[in-house]
Amino acid sequence: MHPERFFSPDPNLRLIAKRLYHSAKNIPIFAPHGHVDPALFSDPNARFGNPVDLFIRPDHYVIRTLYSNGIPLQKLGISTKDNSVEYDPRKVWELFCDNFHLFRATPSGVWLTTSLRDVFDIKKKLSKQTAGSTYDILVEKLSSIEFSPRTLFEKFNIELLATTDSAADFLAHHQKIQASNWKRNIIPTFRFDTLVHFLNPGWIEEIKRLAANSNTEISNFHTFIQALERRRDDFRRLGATATDFSAESALTEELSHQQVDAIFQRALKGQVDQQDASRFVAHMLLEMARMSAEDGMAMQFHAGIYRNHNISLYQEFGADIGGDIPLAIEFTRSLIPLLQKFGNHPNFKLILFTLDESTYTRELAPLAGHYPALRLGPPWWFNDSLNGIERYLNQVMESAGLYKTAGFNDDTRGFCSIPARHDLWRRQAANWLAGLLARHVIDEEDAHQMMYELCIGLARRAYNMESKQNGNAE
Amino acid sequence: MHPERFFSPDPNLRLIAKRLYHSAKNIPIFAPHGHVDPALFSDPNARFGNPVDLFIRPDHYVIRTLYSNGIPLQKLGISTKDNSVEYDPRKVWELFCDNFHLFRATPSGVWLTTSLRDVFDIKKKLSKQTAGSTYDILVEKLSSIEFSPRTLFEKFNIELLATTDSAADFLAHHQKIQASNWKRNIIPTFRFDTLVHFLNPGWIEEIKRLAANSNTEISNFHTFIQALERRRDDFRRLGATATDFSAESALTEELSHQQVDAIFQRALKGQVDQQDASRFVAHMLLEMARMSAEDGMAMQFHAGIYRNHNISLYQEFGADIGGDIPLAIEFTRSLIPLLQKFGNHPNFKLILFTLDESTYTRELAPLAGHYPALRLGPPWWFNDSLNGIERYLNQVMESAGLYKTAGFNDDTRGFCSIPARHDLWRRQAANWLAGLLARHVIDEEDAHQMMYELCIGLARRAYNMESKQNGNAE
Amino acid sequence: MHPERFFSPDPNLRLIAKRLYHSAKNIPIFAPHGHVDPALFSDPNARFGNPVDLFIRPDHYVIRTLYSNGIPLQKLGISTKDNSVEYDPRKVWELFCDNFHLFRATPSGVWLTTSLRDVFDIKKKLSKQTAGSTYDILVEKLSSIEFSPRTLFEKFNIELLATTDSAADFLAHHQKIQASNWKRNIIPTFRFDTLVHFLNPGWIEEIKRLAANSNTEISNFHTFIQALERRRDDFRRLGATATDFSAESALTEELSHQQVDAIFQRALKGQVDQQDASRFVAHMLLEMARMSAEDGMAMQFHAGIYRNHNISLYQEFGADIGGDIPLAIEFTRSLIPLLQKFGNHPNFKLILFTLDESTYTRELAPLAGHYPALRLGPPWWFNDSLNGIERYLNQVMESAGLYKTAGFNDDTRGFCSIPARHDLWRRQAANWLAGLLARHVIDEEDAHQMMYELCIGLARRAYNMESKQNGNAE
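These protein sequence lines map, in sequence, to chains A, B and C. First residue of the first sequence? That's 1204 in the numbering used here, and the numbers climb one at a time after it. First residue of the second sequence? That's 1204 in the numbering used here, and the numbers climb one at a time after it. First residue of the third sequence? That's 1204 in the numbering used here, and the numbers climb one at a time after it.
Derived from the structure by calculation, the hints contain no laboratory data. Be a bit skeptical, because a hint or two may be false.
No distinction is drawn between identical chains; accordingly, a pair holds when it is met within one copy or between any pair of copies.
As the list claims (entries may be wrong) - Restricting the straight-line Cα-Cα distance to at most 27 Å, the calculated cross-link-like pairs of lysine-lysine (BS3-like) are:
#	residue 1	residue 2
1	Lys1544	Lys1284
2	Lys1278	Lys1544
3	Lys1284	Lys1386
4	Lys1327	Lys1294
5	Lys1326	Lys1411
Start from the sequences and build out the full structure, keeping to the hints where you can.
Here it is, written out as structure tokens:
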């Protein structure tokens, strides 16, 4: 990738954007939301595995592009739920390289190319011709200590890395990292999903795991909440500053204790229906808000995604192989019960994410521009892209105001793509500020402070780590 | 603010835009929709008050930015409904200046900075350091005749200023202005809201005020309509050429006289529910259209806003402190009953506004591009901004056609921000036209005529003041 | 029109865009979806008629702009359903030219101006002054063999032209073309609408026509499907490679044979209601998919349009005079039944179109970026414009990937506008690629191959004519 990549084509804007970008180049990466496996760091001798294990199989962005263009999942080494597939990683890599044109102009293409170049010094374009040589280089490097997870963590200049962990999880790897003498800031995030969506397969097992890991007998809603609160304490002791939750809709509704307990009891007996499940989620959003107002953990909420849309593929391969599709979503009415109770609470912080960009100017920016408790998360998933970031900055900032946003997070499973993703954000932030500066909407002082905020200041404050640095200055 | 502010950063586009902008610089301001208090002009000795009264307390754009960043309303001198708050305006001004970074890249920041510079010759950036000196300058200027409302009105080169007034209002200030020998064009606008939304507190008092000011005993729907029609005549005698109405949805529905009368009678007895209220609004939209088709007043309709969203804040402080949040809205089906009856009527004009930008290309531009009676109002409220105007021009014009739009209106409570707001619109209009000219979509003649239309021609015709100037020429 | 029209105003981008555009200038026009009348080509002596017949009366884009600005349809020579109107084409042309400013910055204005210049060598801007002379030139040229449909077809360098034809149609003109010694590739498209929407007036006559032309007695759902399948065979024998269908919503639902047969039987008796009609459409979408999976015809589906919105105009003048208005639409949930059954089918291809741009990033690009069977059609109707194309490319490509789109189609009734429309698409495609190249997102090789794909490669593959050329190379 070219060193001036992604900067505005206009020479004046490019000059300003480069200046702003370079002024921020020593700011460490702050990654408060993502899906990197903590096991990579708990063992000093861990390695990333082969190129396919690193770049293809775990990356549902890559998988979906190949699958949607007619390449069967089995050919990519993806196992079905019932049978683990045998695969030749070199052959999968060749298939991938032979189809690399499918990634033209996509963020996946950009991240892959940037990672290969900046992390592994591979400058050749992936293609049928370069498949073999790039595979060999990667295999060699990935086995060496220079490319171990811990070495790359240090090389990447990461100030903070948050993982995402089930509330039921024992956090063994996080405990091991903290007990080690490798002093890096890797923290868990408290994720509710598997414990709250009780129609998901495996819910009852998760409840049992929660009970065991919280030393709580979960027999009703009260003890369920108690178990969650104990686990929140455990997570906080390991550094967690935020929770996370995802749902199909943003509906919130306060049920009476009697109502919610009755639903929960039915769930324990496996006797709930879709309506019970939806109302329980709506109520739990208020419980999460209450707990956050009490213990100060920032509450993250991602709404508007239909999970496992491709039913036959889900039945064969399981979740997370690319069949999650966004839905139109409504926030203005749906959040009233929650915001009525906690929207003005001084100790509460709710970070909202959306995949429905029509809500940026219509609902989210006006809401965040009014309620003290709200922050808007960065463009997420399908919208974490060159144009997605530009639309976000242009549509959100004027109305919400920069200071009601939460900076960037990479949301990635791919550890090696972290620098590439933050870099793309920073370059687009620099382009946005350059446009404002060139049009005299802001001045130099504004631009530099805003650049700093976009790189790290906003995220530190949103995720309650502002103490590290005072807020509004570089 | 820089004299080349807001123009495109591209040197060629900037040159063209500047040329178009300067060719329009003597065109007077035409402000057919806003919320300036007519009392400012009825008394020749009126003054704007202190800087906080002028720039902060009445401006809900400013208030929401400060409040959403954690500053309590009381600290801004905002009174609760029950207790008028004492405040030290200098202290509020200092607090505001100390937080002025919150307005970076927002339209409020742009308007404030432009107004301070262009009206009050204050070129320093607001900050903790400049709070004291800027306060002193403002206090001094605001007390002098050179900065009185009437003097500024003349200085601003305003051809027309329309206020917004309850249909029940006696219009004492407008009468006084017209009776005076200060010959400026300040006219009222006939607003239905407080008389039609009968679940709002104070509805019955408004009905009594309507009855009194129209000399009509309002005992049923028939006499209610009669009273409104009499008041429309009164408004028109004072120069009004338009009505205004706001609702949550755009639903229209024609009820039988019997149905609507029954609802209205229940309302008089305080026995209506939400469904009655909604159906009454849906029917009243047809009544408004009928009256406009008869008397020729342009009908303005703003839909898709949830009022007083922050319930506890509303209960403590009352309406209009920033808790109004947009909703997704549907026009295509909702307007059928109204458009079926009046959409092709040669004497009817309906000006539609939206806060849901997804309706621009999907519904509003196609509707306005078909029905002779429709015009599209400019980007409004949250979308009256640098990017909001750009999106509007790019999304509406190709499909509706320029000549089905209504020019600009500032919709402001802040009289001193009027030149800044119209100036932003004109600069963005010039940028848009420069882009079309540079890409050879239009030629010089087109560009100049379109610039004139965007500045004043379209608005004059939409608001029935086309007689002042012939339509399609400079 | 200027030879550099529509290219980016930035000099660097313009240079790159021109280079890419010119590299593609010999690529023939591939027009797989449109509404040109095949009768123009079945008779070697056919002519286009007078300028009003060619440019105004059949073009509902032009009609709506004039009508929405207050010009009665009768004055444009449009006949009511009951009475054919007499009109003086010269007077209509003069009225049109006198109002040509209404088309400023609209795609219709662009297409008209380009067609007049490039096809008829008319360089003067249309206006009151030039109405007479342009009319005379057009009348003279339109009567000559040099401007006959067949001559222009050859001059336009058209590789393929698909018309749109009712499934019930006998295709007499297509048969005549194929039987002639004029060897050009003009093919029909199998359109279901008039046979599936059984509440439309004339449905039963269409069923009778279908029965006659398929030699099938249609007495129940089974024979209805049989008749359609026979007609699909007939269409395919005449070269058809695709079907087409339009509906208000995207809802799909599989009914039992018993259910759907009962509805169909009621329809034959004229005893169906709106709910029957909607469920029938929802089921028929699955039938269409099944047939396409079997016979390999690409299935096109346009959803989200409210037909004949202006009821009184429709009653007086009939369909297609501009009263069709888009609706908000939902794809994610609605398409589940269809995609569950056919979304992963290797022989099925569904090309989706939308007028609701909010679905681009939210639903359509994610769906197409996952399901192998899906392709996204180009920006359509109101969105086939300079900005509409730009939004499409910026919002769809990153997430769906270029290779899941279907290239361009002009969807036009106006044969002479075909080169103008494809030219606009190509120039905007070149601008888009230039932006990516200048920001180093893609390289030269990528850009040239993507340009070729956008001009013809994607469309050939989407419409099953890939055999003509191998897919991914120029």
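Each hint tested on the structure:
1. For the identical chains of this complex, Lys1544 and Lys1284 are inter-copy neighbours only, at 21 Å across copies versus 43 Å inside a copy, given an alpha-carbon limit of 27 Å.
2. Taking the shortest alpha-carbon separations for Lys1278 and Lys1544, only the inter-copy value of 22 Å comes in at or below 27 Å, while the best intra-copy value is 51 Å.
3. Taking identical chains as interchangeable, the C-alpha atoms of Lys1284 and Lys1386 are never at most 27 Å apart, the minima being 38 Å within one chain and 55 Å between chains.
4. For a Cα distance limit of 27 Å, the shortest separation of Lys1327 from Lys1294 inside one copy, 19 Å, qualifies, whereas the shortest one across copies, 62 Å, does not.
5. Taking CA atoms no more than 27 Å apart as the test, Lys1326 paired with Lys1411 passes in neither setting, with 49 Å inside one copy and 66 Å between copies.
Hint violations for this structure: numbers 3 and 5, all remaining hints satisfied.
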